[in-house]
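*Asks:* Residue strings, one per chain:
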Amino acid sequence: MYQGIAFRTAWLVAGNTADAEEAAQDGFVKAYRALWRFRAGAPFKPWLLRIVTNEARNRRRAAGRRDALTLRASGEVVSGDAAPSPETALLDATRRDELLAAVNRLEEHHRLAIACRYFLELSEEETAAALGCRRGTVKSRLARALERLRADLGETA
Amino acid sequence: MIERRLHELSAHVELPAERDLAPAVRGRIGSRRPRPGGLAIALALVVLAVAVALAVPPARSEIRHWLGLGTARVEFVDRLPDVQTRRPLEIGRKTSLREARERVPYDVLTSSLLGAPREVHLLGDQVGFVYGKHKLLVLQSRGTYFQKDVGPETSVEHVQLNGREALWISGGRHYFAYVERNHQVRPAPLYLVGSALIWTRGDLTLRLEGELSRAEALRVARSFG
Numbered sequence: 001m002y003q004g005i006a007f008r009t010a011w012l013v014a015g016n017t018a019d020a021e022e023a024a025q026d027g028f029v030k031a032y033r034a035l036w037r038f039r040a041g042a043p044f045k046p047w048l049l050r051i052v053t054n055e056a057r058n059r060r061r062a063a064g065r066r067d068a069l070t071l072r073a074s075g076e077v078v079s080g081d082a083a084p085s086p087e088t089a090l091l092d093a094t095r096r097d098e099l100l101a102a103v104n105r106l107e108e109h110h111r112l113a114i115a116c117r118y119f120l121e122l123s124e125e126e127t128a129a130a131l132g133c134r135r136g137t138v139k140s141r142l143a144r145a146l147e148r149l150r151a152d153l154g155e156t157a
Numbered sequence: 001m002i003e004r005r006l007h008e009l010s011a012h013v014e015l016p017a018e019r020d021l022a023p024a025v026r027g028r029i030g031s032r033r034p035r036p037g038g039l040a041i042a043l044a045l046v047v048l049a050v051a052v053a054l055a056v057p058p059a060r061s062e063i064r065h066w067l068g069l070g071t072a073r074v075e076f077v078d079r080l081p082d083v084q085t086r087r088p089l090e091i092g093r094k095t096s097l098r099e100a101r102e103r104v105p106y107d108v109l110t111s112s113l114l115g116a117p118r119e120v121h122l123l124g125d126q127v128g129f130v131y132g133k134h135k136l137l138v139l140q141s142r143g144t145y146f147q148k149d150v151g152p153e154t155s156v157e158h159v160q161l162n163g164r165e166a167l168w169i170s171g172g173r174h175y176f177a178y179v180e181r182n183h184q185v186r187p188a189p190l191y192l193v194g195s196a197l198i199w200t201r202g203d204l205t206l207r208l209e210g211e212l213s214r215a216e217a218l219r220v221a222r223s224f225g
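Residue numbers (my numbering), protein chains in the order written: chain A, 1 to 157; chain B, 1 to 225.
Excised from the complex, chain B in its bound form (with noise of 0.2 Å):
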């Protein structure tokens, strides 16, 4: 009894009117990524928040649930959609590293191990660097921001690197896109990868993908000091 009175009296409660907080929230975020894009994205997955799905590609299926980290978004879905593998991979135009480390706002992080990349490429400010042919990819950038969906049969692992939490998927081939300033999936360019490590440095954040073991993976990573 007295409950459903509760119930009764809350549509009588008066509550405050609801504020909208996205210019002030968007204007704090941006104080520290004043990239214009990144700020309308990075709102679009805080403020607007995990329940409002981004639009995405008629043959996905559900959103099971996510989880960000640093300008990754993996989302954990029933299906994959049909798309086929791109070659060319579309990361960017060709550049060299010297012209890189002049255009993006951030210090290029480089391996140690590796030695230099075959191919060094910008797109917006990420950094790709392209080891072997086609074989290994290791990109970085600061307000890049992209998703990747994963099925059922992939595994997405939390690991430890250089004591922060970094994500290992593998298992399955998973689907990544860049995400724009719209808040949209990008349509294209679509492709599907192997495994990959996702992990930050700084406000850095960083991906690699390629047919390597964790182990392998971890080491790469730990090398881009």
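If we strip away everything but chain A, and leave its shape as in the complex, we get (with noise of 0.2 Å):
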């Protein structure tokens, strides 16, 4: 159920997919040891991404990786919407990669902010939790990151 989930939280957090599984892997492994200790009406989500991601962030740590994840496009044509024109295509591609690059411009601890909030879609809990702080860090590391991409990007709140 949360092994899509928790194995691309661990990918943003190690920076690579090799380290991402043995991180997933040890996490899963990690909660189930310490099941006995998950709080009864404690959402289990959260629980389970902290576990995750401290293997992943220990992972990177230990190989002394200081480069940060680079975002990319996938490329892929979403469906669903009608078929736009070549020009609007075109349009939009090259705002969703002004967006991405401006997202990869951030300081790293915003970036991870935005694509666990943004591209993962973690609720602020979650994210917390993957990221390994308070609650009220993520909402404040999220809008000084919106800030500084609508600085980077020219646009007003």
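Hints listed in this document are in silico derivations from the structure and should not be mistaken for laboratory results. Even for Gly, the Cβ is constructed at its ideal location relative to N, Cα and C. A few of these clues could be false.
As the list claims (entries may be wrong) - Per label pair, the in silico range of CB-to-CB distance:
| no. | chain 1 | residue 1 | chain 2 | residue 2 | range |
| --- | --- | --- | --- | --- | --- |
| 1 | A | P43 | B | Y106 | 29 to 35 Å |
| 2 | A | H109 | B | D20 | 46 to 52 Å |
| 3 | A | R150 | B | A11 | 49 to 55 Å |
Said to hold, decoys possible - So, partial list: chain B residues that the calculated Cβ filter (under 8 Å) puts toward chain A:
| no. | residue |
| --- | --- |
| 4 | I2 |
| 5 | R4 |
| 6 | E14 |
| 7 | L123 |
| 8 | L212 |
Take the two lone chains, each set in its own frame, and fit them into one complex as the hints suggest.
*Replies:* Below, the structure written as structure tokens:
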């Protein structure tokens, strides 16, 4: 059920798929062994994500990697809407590339907050668990990141 | 505006393809718990995780939330299924303590307080002790998974026992069932239980069921050293 989101969140934090896969495996095994500590009534997903991303952070730290993950556009055509004209499609793609480049220019802790919240669609609580910080910190990082993106792209709030 | 653009962008960001982690996790958990039935259930509980509710009797209402301790799963439900108490209890065939010790792959714990049990039962790797005339049951296992459903009138408390967390279930009857290898709740045996204490010792999960106070139950549990 949570395999996909756990792996992808670990990928954001660890920076590569091999470490993310190992971190997710380690996280699930640790979660299983710590299941008795899981509090009744507490949401399961943030608890699991916290364990998995701790593993991902540890792997990245152990490997001494400082370079952050660069997000890329998939190039896939998203179905659902009527096919846009070539001009519109080109304009949309250009605007997306500009935005993604601006996201990649953010400091890493801001970029991770944006990626968790908007690209993985985690809640603030889940984002806080994934990034190992408080929910208030997530709020302030998101606000600051959005502010910087607006400034970078010349948008107003 | 920027938020809307980010939401739109999310459909175009390259994310890694999902991986099937289950075989690897199964192997890892299996290195600690060699019993195949236990492995399957462990994987069901962890990898497939909580949002996938185990199949339940139709009379039971929606699961509100759950918690796990050792091989136990306690689910909080709005209403318990309509079941009758069964006698005799289905806790496996009657055996001797000596035979039970020979048959299970762990050191069977006994009570220094209660003395020899009146009956010893064996069900898979679960050893059950009956003290008095169905007044007190103590069951221990390493790979037998079970679940308890508790309704709104029943309270579940986290208590400390030998420095580890235990669960004290009291205040109303609750429903008990074993969980099968295919992750399904076994439709029988079903029975309703009074108070219960669930705790772990090493890699064993123990449960005590009977009409005891919390203090009495904890005292009995501590005597299984």
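*Asks:* Each hint: holds or not?
*Replies:* Each hint tested on the structure:
| no. | hint | in the structure |
| --- | --- | --- |
| 1 | P43(A) with Y106(B): 29 to 35 Å | holds, 34 Å |
| 2 | H109(A) with D20(B): 46 to 52 Å | violated, 31 Å |
| 3 | R150(A) with A11(B): 49 to 55 Å | violated, 21 Å |
| 4 | I2 | holds, 5 Å |
| 5 | R4 | violated, 10 Å |
| 6 | E14 | holds, 4 Å |
| 7 | L123 | violated, 22 Å |
| 8 | L212 | violated, 22 Å |
Consistency note: the structure conflicts with the earlier hints numbered 2, 3, 5, 7 and 8.
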